[in-house]
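One line per chain: the protein sequences are A and B, in this order. Last residue of the first sequence: 124 in full-length UniProt numbering, with the numbers rising by one and none dropped. Last residue of the second sequence: 375 in full-length UniProt numbering, with the numbers rising by one and none dropped.
Calculated from the structure, these hints are not laboratory results. Honestly, I wouldn't trust all of these hints.
Stated by the list, open to error - A few chain B residues that face chain A, going by a derived Cβ cut-off under 10 Å, partial list only:
id, residue
1, Phe44
2, Pro147
3, Ala148
4, Pro149
5, Arg186
6, Ala225
7, Glu251
Stated by the list, open to error - The calculated lysine to aspartate or glutamate pairs, modelled on EDC-like cross-linking and capped at a C-alpha distance of 20 Å, are:
id, chain 1, residue 1, chain 2, residue 2
8, B, Lys342, B, Asp56
9, A, Lys48, B, Asp187
10, A, Lys57, A, Asp108
11, A, Lys92, A, Asp45
12, B, Lys236, B, Asp187
13, A, Lys48, B, Glu291
14, A, Lys92, A, Asp27
15, A, Lys48, B, Glu115
16, A, Lys120, A, Asp83
17, A, Lys87, B, Asp118
18, B, Lys342, B, Asp374
19, B, Lys295, B, Asp263
20, B, Lys314, B, Glu254
21, B, Lys236, B, Asp155
22, B, Lys236, B, Asp280
23, A, Lys46, B, Glu316
24, A, Lys57, A, Glu124
25, A, Lys46, B, Asp56
26, B, Lys95, A, Glu124
27, A, Lys48, A, Glu68
28, A, Lys46, B, Asp187
29, A, Lys120, B, Glu211
30, B, Lys295, B, Asp245
31, A, Lys120, B, Asp166
32, A, Lys120, A, Glu84
33, A, Lys46, A, Glu124
34, A, Lys57, A, Glu84
35, B, Lys95, B, Asp118
36, B, Lys236, B, Glu291
37, B, Lys138, B, Glu115
Being a predicted model, the structure only gives us computed values, none of them experimental. Note that CB positions come from ideal geometry on N, CA and C, so glycine has one too.
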Amino acid sequence: MPFPTKARTLLAAVAMALATASGALADKIELLDAAPEDALVVNIDKMKYETPEITIKAGDAVTWTNQEVMPHNVHFLAGVVADEAVKGTMLKKDESWSARFNEPGTYDYHCTPHPFMRGKVVVE
Amino acid sequence: MTEGQRAAAEAAAQLAAGEADEPVILNAPEPDTRRVYIQDPAHFAAVTQQFVIDGDTGRVIGMTDGGFLPHPVAAEDGSFFAQASTVFERIARGKRTDYVEVFDPVTFLPIADIELPDAPRFLVGTYQWMNALTPDNKNLLFYQFSPAPAVGVVDLENQQFDRMLDVPDCYHIFPASPTVFYMNCRDGSLARVDFADGETDVTNTEVFHAENELLINHPAFSLRAGRLVWPTYTGKIFQADLTEDAASFREPFEALTEQERADGWRPGGWQQTAYHRPSDRIFLLVDQRDEWRHKTASRFVVVIDAATGERIAKLEMGHEIDSINVSQDAEPLLYGLSAGDKTLYIYDAESGEELRSVDQLGHGPQIITTHDMDA
Chain A
1 MPFPTKARTL LAAVAMALAT ASGALADKIE LLDAAPEDAL VVNIDKMKYE
51 TPEITIKAGD AVTWTNQEVM PHNVHFLAGV VADEAVKGTM LKKDESWSAR
101 FNEPGTYDYH CTPHPFMRGK VVVE
Chain B
1 MTEGQRAAAE AAAQLAAGEA DEPVILNAPE PDTRRVYIQD PAHFAAVTQQ
51 FVIDGDTGRV IGMTDGGFLP HPVAAEDGSF FAQASTVFER IARGKRTDYV
101 EVFDPVTFLP IADIELPDAP RFLVGTYQWM NALTPDNKNL LFYQFSPAPA
151 VGVVDLENQQ FDRMLDVPDC YHIFPASPTV FYMNCRDGSL ARVDFADGET
201 DVTNTEVFHA ENELLINHPA FSLRAGRLVW PTYTGKIFQA DLTEDAASFR
251 EPFEALTEQE RADGWRPGGW QQTAYHRPSD RIFLLVDQRD EWRHKTASRF
301 VVVIDAATGE RIAKLEMGHE IDSINVSQDA EPLLYGLSAG DKTLYIYDAE
351 SGEELRSVDQ LGHGPQIITT HDMDA
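Isolated chain A (complex conformation) (with noise of 0.2 Å):
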């Protein structure tokens, strides 16, 4: 049985995103397909994401790499980062997805399947 590479499932959260997006993505938030060298990690574990708030500059990257085997995505609701909601594809462990914050705000997030984990991103 064929199992999705790291780089596919990226593509496939990138793909997925882009496409409820319509548009209005590119201007607040770029998804990417691979994990800048100087994006700000955010690791996912214990049902936890580690670093539940996080300011970055605008125009930095922020990757979240989930480190269990129980799947976490990353999730923002209608009119945050985009129109569209912006729903993240599940992370199994060691996966990771990125996106690159352009304008200053405040970001809120959760996971999808368990809304009680949450995070925001503050661009400043």
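Chain B: place on chain A using the hints.
Then chain B, alone, in the frame of chain A:
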């Protein structure tokens, strides 16, 4: 004589007497404490049914249709029953509509149909207290799971959706006054939510159970008494008395003896817990089972004095029972519902004697609702 035989004899007599047949739409009898509603989630089918039954005679006296995993409620005073439901424009796909329907309890005609904006219902196997009416019957409260925990307020009096209340990571809804309800939270506490005057004020009780004490999805709750009865997977019973002001926890006790637990006895089923308010008794579905077969049917019900934790009876049901409830009159009926048999077995709650049964109740009936009409 069976119900069918009685009707046949009656029709034969009318025919012999030369009485013409005048077909009409019937009304159901007035609601009473022995009316019982059987919701059939039909194993996640896109449409569902609810059977309305006279527990005294074991007759189906009416039915209501529902959509996907609807949630039934019944005003304790018998003035109406209602449901929160979900339909789609192409059977199980297309535009989704969530709505609340209120039914006249005699004609069964819908007297309100209130749309819920943005499809906020939590689509889940039906848990009896995931939705609730406020004790004044003016609002229906329903739960939203995703994208964030929230409780929707549906104004039944004015037949309109009111608003969503942001709540913590908590589940189930137990109203204690027209504007206060409680929820069970991930951290092991109860949340008290006051939504009076357009505000949402949330406070938490102390943590009342340990992380490894797993509370089941089917607690019993009496809107009239404010009593919450919440078993764990092992049959440890937590109780709280909920008032507008506060939740008071009672000393927990074990529903099963040490010997029974050593012999593999555990609660199991769907709606596993019932509470009889007038006698302050708890009914719990139990059987011998593996720890992780907590959703299989049980063949026994233990009856417990809620005040002392003392065992009153252990009733053998004679069938594979998934859900139980009781009528709230002085000499209650015990309802035992088998999703596998699609049959409601009706027992004398005191002796455990099976009195009658009603079969052919849909595809997988699971939820039993009654009216607690003797205030």
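Exercise. Any of the earlier hints contradicted here, and which numbers?
Worked result: Numbers 1, 6, 7, 13, 14, 15, 18, 21, 23, 25, 26, 29, 30, 33 and 34 - these are the hints that the structure violates, sorted from lowest upward.
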